[in-house]
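There are 2 protein chains.
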Amino acid sequence: MEKSEVILSAALKLFVEYGFHGTPTSKIAAEAGVSNGTLFHYFKTKDELTVALYVHVKNDLNNALALRQQKTKDIRTRFKYLFADSIKWSLQNYKEFYYIQQFHFSPHLSLVSKEELERQTQLHLGLLQEAIDAKLLKPLPVELIIQLVGSQIYGLHQYLLEAKLTPAELQNNVDEALELLLTMIFI
Amino acid sequence: MEKSEVILSAALKLFVEYGFHGTPTSKIAAEAGVSNGTLFHYFKTKDELTVALYVHVKNDLNNALALRQQKTKDIRTRFKYLFADSIKWSLQNYKEFYYIQQFHFSPHLSLVSKEELERQTQLHLGLLQEAIDAKLLKPLPVELIIQLVGSQIYGLHQYLLEAKLTPAELQNNVDEALELLLTMIFI
DNA sequence: ATTTTTGTAGAGTGATCAGTCAGTTAATTA
DNA sequence: TAATTAACTGACTGATCACTCTACAAAAAT
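First to last, the protein sequences are chains A and C.
Everything in the first sequence is counted per the working numbering, starting at 30 for the first residue and increasing by one.
Everything in the second sequence is counted per the working numbering, starting at 30 for the first residue and increasing by one.
Mixed in with the good hints, there may be bad ones.
Pulled a few chain C residues facing chain A out of the computed Cβ check, cut under 10 Å [said to hold, decoys possible]:
id, residue
1, Gln-131
2, Pro-136
3, Lys-167
4, Ile-175
5, Gly-184
6, Leu-185
7, Gln-187
8, Leu-189
9, Ala-192
10, Ala-206
11, Leu-210
Simulated from the structure, these hints should not be mistaken for lab results.
Given the structure is predicted, the values throughout are model-derived calculations rather than measurements.
Just so it is clear, CB atoms sit at the ideal spot from N, CA and C, and this is done for glycine as well.
Construct the entire structure; sequences and hints are all you get.
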């Protein structure tokens, strides 16, 4: 594991627990097992570290989603996989998922370049456009669909995280929620 | 306007723009037009101010929602009103709405007492329980429904805020999204 | 009329923290 | 091997900031 990744990993843990503000760089360095100076060798500022962590986590999520997407042709199936894989990832990486939300509602978001933000929605946007072209979706604005799907994923995640369920119940809930979502936006 | 409200209002403006961290108490006092000491006369600590602002904003939202709820009997209609009024408030008070999210994804949330958090969901929980008792809803877990409705509201809000629409288009979108939501969770 | 409480001010303080710097060690290149 | 660069250290600093303190004015209570 690269040292910069060790630092990012330490930052994630502390940011999620204490927030950006409540986490001094000195604590991050200590948690990562490196000196204060080393942290600033890899990341010029604390803000840069914060943004780098966001990009890193987002890439991780996108990579996890891309796997089955590339192997699947049928649009509706890809849609299902996108939803199911998102939920799966969000539960297995709930700290990372929390950090994404936390970051999203902070002024740090404005430090991320437009291109980077765009790059990160390509997967979703592409699939949605295909679905629209194939006339599979209800005639709703694309941005609205993105928002609704995104928040549906978030809502389900939040519920599943709190409710301690057996794997079978969990799978059942995911399937149901997915079905609800599909009937909501598919024709 | 009470001086404590002036301070809260100043804090809201700055917190939303610069975040908790990026907003020194001195700037809040200056924005509110009071001295540094006065701020701490009304709020013992910055954390207390932060929490007080959250409670204040949430009460405001709940009051806005309660108005039509009390005058309406039919459960489905009350559900519609709750949804429509939430969206309306979130657009008219988008800074307050943003602050709620921001607060939600910060460690400050843990500073709010359980009773206060409970008090703030009573309106929603009550309506939902009535709907369940009247067997109007699909047999889904209450917490899941709450999460789904909440995130649906958030998703629609986010979309409407970005898309600059005419009042008629806006109303249309709200109606459509509401219809989608109703078919999703009502029998 | 006098005491007490409350509201307001703003300079001051101690602690914290992001980021620097001077210097050491390890790795790469010439 | 020598020279150059990169990785790394940790003490240090300048600035910032939450909060205090003393002082005073206005209002309320007695």
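Tested hints:
1. At a threshold of 10 Å, the smallest CB-CB gap from Gln-131 of chain C to chain A is about 4 Å, leaving the interface hint in force.
2. The interface hint given for Pro-136 of chain C is met, as the beta carbon of that residue sits about 5 Å from the closest beta carbon of chain A, less than 10 Å.
3. The closest approach between the C-beta of Lys-167 of chain C and any C-beta of chain A is roughly 8 Å, which is under the 10 Å cut-off, so the hint is satisfied.
4. Checking Ile-175 of chain C against chain A by beta carbon gives a least distance of about 8 Å; that is within 10 Å, so the hint holds.
5. Annotation: interface hint on Gly-184 of chain C holds; nearest CB of chain A at approximately 3 Å, less than 10 Å.
6. Residue-level restraint check for Leu-185 of chain C holds (minimum Cβ-Cβ distance to chain A is 7 Å; threshold 10 Å).
7. With a least beta-carbon distance of about 5 Å to chain A, the hint placing Gln-187 of chain C at the interface is held under the 10 Å criterion.
8. A distance limit of 10 Å between C-beta atoms decides the matter here; for Leu-189 of chain C the minimum to chain A is near 9 Å, and the interface restraint holds.
9. For Ala-192 of chain C, the interface hint holds, the least distance from its beta-carbon to any beta-carbon of chain A being 6 Å, beneath 10 Å.
10. Given hint, Ala-206 of chain C at the interface with chain A, holds; its Cβ is 7 Å from that chain's nearest Cβ, closer than 10 Å.
11. With its C-beta approaching chain A no nearer than about 8 Å, Leu-210 of chain C sits inside the 10 Å limit, and its interface hint holds.
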